[in-house]
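Given these sequences and hints, build the entire structure.
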Amino acid sequence: MLILECPYCGVKAEETELAAGGEAHLKRFGPGSDEDQFHDYLFMRENPKGVHFERWRHANGCGKWFHAARCTTTLEVFGTYSAQTYEPPQEIKDKITAKRPGWSWREFSDGAK
Amino acid sequence: MKRYSAFAVAREALRYHTGWERAWRSPAPKPHYDVIIVGAGGHGLATAYYLGKNFGITNVAVIEKGWLGGGNTGRNTTIIRSNYLQDPSAAIYEKARSLYETMSQDLNYNVMFSPRGVMMLAQTEHEIRGYKRTAHANALQGVQTEWIEPARVKELVPIINLHGPRYPVLGALWQERAGTARHDAVAWGYARACSDMGMDIIQQCEVTGVRVENGRVAGVETSKGAIDCEKMGMLVAGNASHLADMAGFRLPMESVALQALVSEPIKPCMDVVVMANTVHGYMSQSDKGEMVIGGGTDAANNYTQRGSFHHIEETVRALVETFPMVSRLKMLRQWGGIVDVTGDRSPLISKTPVDNCFINCGWGTGGFKSIPGSGWAMAELMATGHSPLTEEFSMNRFKEGKFIDESVAAGVAH
Amino acid sequence: MSSPVTATNGAQFTGIATVEDAGLQGMITLRGDLSSKTLKAAVKAATGAEVPEQRKISVVEGGAAAWMSPDELLLLVPYGDAVAKTAELAQALKGEHALAANVSDARSYFRISGAGAREVLAKISPVDLSSQAFAPGDFRRSRTAQVAAAFWLEDGGEEDSFRLVCFRSVGGYMFQLLAGAAHPQSAVGVY
Amino acid sequence: MSMRLAKQGRLIDRSKQIEFTFNGKRMQGYAGDSLASALLANDQMMMGRSFKYHRPRGVVASGSEEPNALMQLGTGDRYEPNQRATTTELFSGLTAQSQNHWPSLEFDVLAINNKLTRFLTAGFYYKMFIHPRPFWKHVYEPIIRKSAGLGQAPDAELKDADSYEHFYFFADVVVIGGGVAGLQAAKAAALSGAKVLVLEQNNHWGGRAPVDGGSIDGETPDAWVEKTLAELRGMQNVTLRDRCMGAGVYDHGYVLGYERLTDHAPGQGGPRHRLWRIRAAQIVTATGAIERPLSFAGNDVPGVMLAASMRDYVVNWGVTPGQRVVVATNNDDAYRTALALHEAGVDVVRVVDARDTGGGALMEQVREKGIRVELGRAIAKVKDGPRVSKVAICAQNGEGGAQEEIEADAVAMSGGWSPVVHLWSHCGGKLTWDKEQAFFRPDPARPPLGDNGAGFVIAAGAANGALQLDAVLADATLAGAQAAEASGYPAKSIPAPKGDSERETLMEPVWLMPAKADIKLRMKSWLDYQNDVKVSDVQLAAREGYESVEHTKRYTTLGMATDQGKLSNINGLAILADSLGAEIPQVGTTTFRPPYHPISMGAIGGEARGEIFQPVRKTPIYDWNDANGADWEPVGQWRRPFAYTRSGESRHDAVNREVKNTRENLGLLDASTLGKLIVKGPDAGKFLDMMYTNMMSTLKIGKCRYGLMCSENGFLMDDGVVARIDEDTWLCHTTTGGAESIHGWMEEWLQTEWWDWKVYVANVTEQYAQVAVVGPNARKVLEKLNAQAGGGLDLSKEALPFMEWREGQIGGFDARAFRISFSGELSYEIAVAASEGQAFWDALMEAGAEFKVMPYGTETLHILRAEKGFIMIGDETDGTVIPQDLGLNWALSKKKEDYLGKRAQQRSHMVDPDRWQLVGLETTDGSVLPDGAYALGNGINANGQKNMIGRVTSTYHSATLDRGIAMGLVKHGPKRMGEVLEFPGTDGKVYSAKIVDPVFYDKEGEKQNV
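Here the protein sequences come in this chain order: F, G, R and S.
Start counting the first sequence at 35; every next residue gets the next number (my numbering).
Start counting the second sequence at 15; every next residue gets the next number (my numbering).
Start counting the third sequence at 132; every next residue gets the next number (my numbering).
Start counting the fourth sequence at 86; every next residue gets the next number (my numbering).
No wet-lab data here; the hints were simulated from the structure.
Mixed in with the good hints, there may be bad ones.
The list that follows gives simulated cross-link-like pairs (lysine-lysine, BS3-like), each with its CA atoms no further than 25 angstroms apart [said to hold, decoys possible]:
no., chain 1, residue 1, chain 2, residue 2
1, S, K843, R, K168
2, G, K79, S, K515
3, G, K281, S, K200
4, G, K416, S, K987
5, S, K745, S, K788
6, S, K843, S, K745
7, R, K171, S, K843
8, G, K416, S, K1031
9, G, K302, S, K200
10, G, K302, S, K222
11, S, K771, R, K225
Far from chain F by the CB rule (all over 12 angstroms, computed), these chain G residues [said to hold, decoys possible]:
no., residue
12, R17
13, Y30
14, Q218
15, R320
16, E394
Sample of chain S residues at the chain F side, in silico, Cβ under 8 angstroms [stated by the list, open to error]:
no., residue
17, Y335
18, Y339
19, G538
20, N798
21, W840
22, Q923
23, D927
24, E931
25, E982
26, K987
27, R988
For every residue, glycine included, the Cβ atom is placed at its ideal position computed from N, Cα and C.
Given below as structure tokens:
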């Protein structure tokens, strides 16, 4: 039973107040995209063991979507942040780097690389 | 291999069971095999078994990170059924179900397949239509199912409450030849048979890398050293994305926790398996007397084999509603497994971007019931490059938009 | 013209707390830029209340404004004024990107009061309802058993008194839920 | 015999006698008794039968670890199987029955299994019953099932008479366990300022310490416990709960507390159990330790008990299980039992200490009492029977050649202690093997991790491996302070109380007694009492290659009984490790899973049962519908009338009547459940053009347009009428199920993809009661209402044309009227405020009487639309259908570059000309096609399945046409008009149906446009 802090209303909400929304920072491909782009956008998933970025909605609450950086093997939460961004904030990336040196996820990483 | 029988047990009893031999050998890996199967769960072992039995390929290693049968094979609710709606699903699950019927004899290991019948309750008009549709499809697919009325439901399941104030039982889809089996025994039985064919089951051996040469699989790096192979099959539920990553490709899949629980044992009170999808609960009674109860999947990625307790609550209240007596039983134990879920919630049994490397994953909640059919088909695919049973389950279907969506009839596919 | 009725029609139950249908209440959903001066003025004009801080409700005689999300308020006005006030808000906010909708009839409205009020809510909502954590003026949207709801603690008074808002269609469910949680022999004894 | 002692019994009140029955026999006990202590006081040593061999079983422990004394408690709607006698508080009128025997506890037919133990070893069923095949299901399995299973199932026709509830609580520190360690940890944490909750599973505090003796700060443990409790009760930041077990620890500091409120006083009112759902920053597990049995032959005979438990019975309840007791041990603690028995006047005939060097001060005290102590000795065997009668003693370091036989009626055994690490382990805390004390204890370096990545569980006292009183108190003080600090309160160091107890010498691991016991003895040495797993079984499993501890557990069923291996796991592990030639920590443990001790399903479900099992969503007209014959159909959480049946009328009759009346006169439909979303903003038009396949931005103010919504995967997911309200406002109608999901869908795109678009969405579904006024008389009734009110909205064909909407008063109600039709008839959908919905409906019914008004339900709605060939989301669509399949190309805007689902619909399978497409189907004989039937093609596919070329999506009897009509999806369907297809039914019949146009009624659309 996870708890995540909603960055919009500040509530430390438990899982039953939230709705999980899958992988974060997907880039939408519409008409004009090629087969692979569209396929990857809809179906290919990182599904990592470790650092993951995902979407949640504070469904039984303020109703806002937000992003969370979380470890899928320990369930540690590195931070939550606005859904209205194309990449995780530096502060959260730094926090992950401090705890999981060498991490990488899609195009994001600890910067050492 | 010494055969198991009542006579053998009696003979051994006289010498205090000192004469039993190992059920499977525990060999060190050889440097090279024709085929490496990664994952000694039900699917991996069944694939190895049918490679040997149907195609005479026995220079096979089955590599397992932990202990054989220690993943989802040993942590599911043991339901076996094939009343699926879509043709490809019905074909492979029915193949599996029919192989379960003779598995004890085939393997000379009692897997306790119990064709006690599986019933899926209809509790809304929409569900009635969905199950009637499935019954029609099954008739043409060669799967024996029937639509039954509430009175017959009560006859088969005396402990059910047909007249719940919220969702009265309006009928059910009934598959008489579906049932349950002893999950561990399936893995053990296959392991014993594989070992007997000369295959090596290598436990406590973790794959740390996949060697690909010129686009073709060449072997694996493991915690017990490098092992070469001609062909490789990946059958690692809950780890498939991770292993695919080692081989350099990605999967249209996510891993989530699925939970189950058992009650304390009570005397027999329910002879069939009941699934109630509207209220999200399903239940059967094990031979030990425990009520075996399945819950729902979490929505977020998770590799911990622990789920969120609210799913247990949802499941339990559904069962209390459907079977009021459950209220006065106690939960003995709850646990979780990691299931892989694809974009259409149907499995992948497929060639991969790496030549001679095959994948079988994404069974979601359907893993146990499909074991023998999956192994049979996977063996055929690996040995010959083609299997009609796996044709529609290829990775390409997501590009083409040719999905196999079972949720259309049942809501939830367990 | 008929007289409007609530979903639970004056229902009441007393156990460890008193649970009652709080009657018809004018409610307006207002979405917009909460930092906008125009919006603040419009809210003040409609309700007499200031735009509240995050997770707070500002209550004045005859009106209130509650923080629903970073771009949404729930305004409380007398039931009979809701249609007119909605129109006034829309007029006042012309030119701003905003949306005002009368939702007075879309809601059920309850009062939960008495010594056991905190415990009643704590049985159905995953919220810390201790007096250290939840004080008058706090406003919280959450889950109550299986439905969404918002509630706040009223100011003053001898004993705790909560107000709770949920969808009208589940008003009956909510009343049964609250009444069950207020069973006279179910005091937990921690709040 | 077992009996009540004249003295002792700190927990019982001898002035309050209590009557109860066991197996129909009336017995007496005292207030404060557990059922187990009361049974022992009545010389009822045998309390049950084992699972597999049906061997006689007596109580072996005194707490929740008890594997044997399981009872059927209560009767009727308060009956419950498998209740531990040890954790059941005695109350007046309690009725208990023992389990798993027939016909009686004393004479059990299935005890024959006991004679077959040589055959029924671990895993025997995997090797047998293989042939002949049908015998497993029909012969073997039923016999096996019946002989297993413990208590009888509750009566299926009775509903639980009790109620249950949940409670959410938040604390900085949750202390699990109210023994001296728990209380001291709580005090330390609370003094630092943390908010503390203490959970104690029993109805008394203090744990073992008051029984075990010694002193704390110079006082008796009892006195210290009382004093500390008073201190804690006086602190504002401390909450104490007894009868409340810490049942499980879950991710991110979630703890389940299981509070038993009325189990000791059934029927007193209020909830029976309360499930606490606690969120803690830190958890201290002060859960104590559990004593281990010794593995010797006959260690399961009734009368053989754990030494400390026997001491509990003497000290706590003033009961002795026997008159002549043999004590067997490998550690000093069991000597306390010898002393307690001696003090109570019971004859301790021998202490058998397996250690060659024996114990320390406690042993000396025992010797001083004149009790004979023998070192390096073991119990070779306890004579089989319903009760201990003879005990054979031998050398520990031998094979069990018995050297002396002692008459005795009880045996107290102690194989050492195991910390209760369950709650530490539930969420991933790791263990370390303490070689000296031969147990697993929590490894503080590897705790379970919380949301911040730091450990959130701290073990304290015996649960942390500290067994001596002074060590327990020091450890607990530290744990409490640490927990407070970790939850954000600066540590205040408080001195640990001084614990004083007899110094104990080291225990010596004894996994088998005697050490080289022969096979005959090993086959009688029990590890798991309930499941009948013996030393020989584990050895067999290891020999057969079931080497992993999980394999052994599952092969032998060790530790899978209702005590989940609390007594058996470590002993079994040690045997397994020995068999494999491995160290115990290498073999590892099985996984500890919640709950610590079984908890009721009722408590888990909480309040959600009966009427409030799930919310019922009700429209404003619900009560009227209910009172007027509504045959309810659940639609999501809503309930909608399927039809309004009149007395003497079948459902089918009612539907036919409603259809005909609506076509000929006037029908009313409660359409309030349809979703209504306001979409407003400068970018609203652009946004709706993305959400819908149609062009919505060009819709004129005052007009309506039917729209389709697809998922990004291309499939049709919702439909409804969209109305343009003003320049930047649209009102979107969704399906009944779609209101919340489509609202969420819109918000998702606005918040996560197009967050720079200026659009607000509000869900106003429940603001309105919406009534569809349908039929040739629709306008008449509305105009009559207006006439009665002295004017209102002009509803004429000219003022309100088809597919437009207007706002105004109708019959004095503020209303919005939509000229839309889902039936093909003249139709208005009128929205009024929900609070006035019933009044509006009443007005329509009253005014409509002269126009033959009737309400109609969802089935009539379906038939009316099907007669017109309109698709229904959920019937024609199932998540695999795209608009192109349904002939809805006209609704797919060709002008737009993009809409959700457009790219997906360009994929190869989506543009495949072989996709099944919508057609009408007409049976050749007028009958009704079966629901969901498939059209048969030629031949079979590669998997031997018959080829299908289409399916029925909707099928009805049309009262209007008096024949069956259907819609379906058929391969190349629209090109095959007139062709007859075959649909095999599941009833054995084959239905023939002709492919026709899906519009069956009023093809020109004249009726709706009048």
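Now for the hints, and whether the structure bears them out:
A hinted pair counts as satisfied when its Cα atoms are at most 25 angstroms apart, and S/K843 with R/K168 qualifies at roughly 18 angstroms. For the suggested pair G/K79 and S/K515, the alpha carbons sit about 19 angstroms apart, so the restraint of at most 25 angstroms is met. Only pairs whose Cα atoms come within 25 angstroms are accepted, and G/K281 paired with S/K200 is accepted, the gap being roughly 22 angstroms. Note on G/K416 and S/K987: the hinted pairing holds, with a Cα-Cα distance of about 16 angstroms set against a maximum of 25 angstroms.
Distance restraint check for S/K745 and S/K788: the Cα-Cα separation of roughly 30 angstroms exceeds the 25 angstroms cut-off, and the hinted pair is therefore not satisfied. Straight-line distance between C-alpha atoms of S/K843 and S/K745 comes to about 48 angstroms, which puts the hinted pair past the 25 angstroms bound. For the hint pairing R/K171 with S/K843, the CA-to-CA distance comes to about 19 angstroms; that is within 25 angstroms, so the pair holds. Straight-line distance between C-alpha atoms of G/K416 and S/K1031 comes to about 20 angstroms, which keeps the hinted pair within the 25 angstroms bound.
Only pairs whose Cα atoms come within 25 angstroms are accepted, and G/K302 paired with S/K200 is accepted, the gap being roughly 21 angstroms. Of the supplied pair hints, the one linking G/K302 and S/K222 holds, its CA atoms being roughly 15 angstroms apart against a limit of 25 angstroms. About 20 angstroms separates the Cα atoms of S/K771 and R/K225, which keeps this hinted pair within 25 angstroms; it holds. Once the 12 angstroms rule is applied to beta carbons, G/R17 is consistent with being away from chain F; the minimum gap is 42 angstroms.
Non-interface call for G/Y30 relative to chain F: holds, since the shortest CB-CB distance, roughly 46 angstroms, exceeds 12 angstroms. No beta-carbon of chain F comes within 12 angstroms of the beta-carbon of G/Q218; the shortest separation is about 19 angstroms. The non-interface label for G/R320 is inconsistent with chain F: the shortest C-beta to C-beta separation is roughly 8 angstroms, within 12 angstroms. Interface exclusion of G/E394 from chain F stands, the closest Cβ pair being 26 angstroms apart, more than 12 angstroms.
Residue-level restraint check for S/Y335 holds (minimum Cβ-Cβ distance to chain F is 5 angstroms; threshold 8 angstroms). Interface hint at S/Y339: satisfied, since its Cβ lies 4 angstroms from the closest Cβ of chain F, which is below the 8 angstroms cut-off. A hinted interface residue such as S/G538 counts as satisfied when its beta carbon comes closer than 8 angstroms to some beta carbon of chain F; here the least separation is about 4 angstroms, so the hint holds. Because the closest C-beta pair between S/N798 and chain F is about 6 angstroms apart, less than 8 angstroms, the hint holds.
Interface restraint check for S/W840: the shortest CB-CB distance to chain F comes to about 4 angstroms, inside 8 angstroms, so the restraint holds. Proximity of S/Q923 to chain F is violated relative to the hint, the smallest CB-CB distance being about 30 angstroms (cut-off 8 angstroms). Checking S/D927 against chain F by beta carbon gives a least distance of about 36 angstroms; that is not within 8 angstroms, so the hint is violated. At a threshold of 8 angstroms, the smallest CB-CB gap from S/E931 to chain F is about 41 angstroms, leaving the interface hint violated.
Satisfaction of the interface hint for S/E982 is found here, the shortest Cβ-Cβ separation to chain F being roughly 6 angstroms, below the 8 angstroms cut-off. About 5 angstroms separates the beta-carbon of S/K987 from the nearest beta-carbon of chain F, less than 8 angstroms, and the hint is met. At about 5 angstroms, the closest approach between the beta carbon of S/R988 and any beta carbon in chain F falls short of 8 angstroms, and the interface hint on this residue holds.
The structure does not agree with the numbered hints 5, 6, 15, 22, 23, 24 stated previously, though it agrees with the rest.
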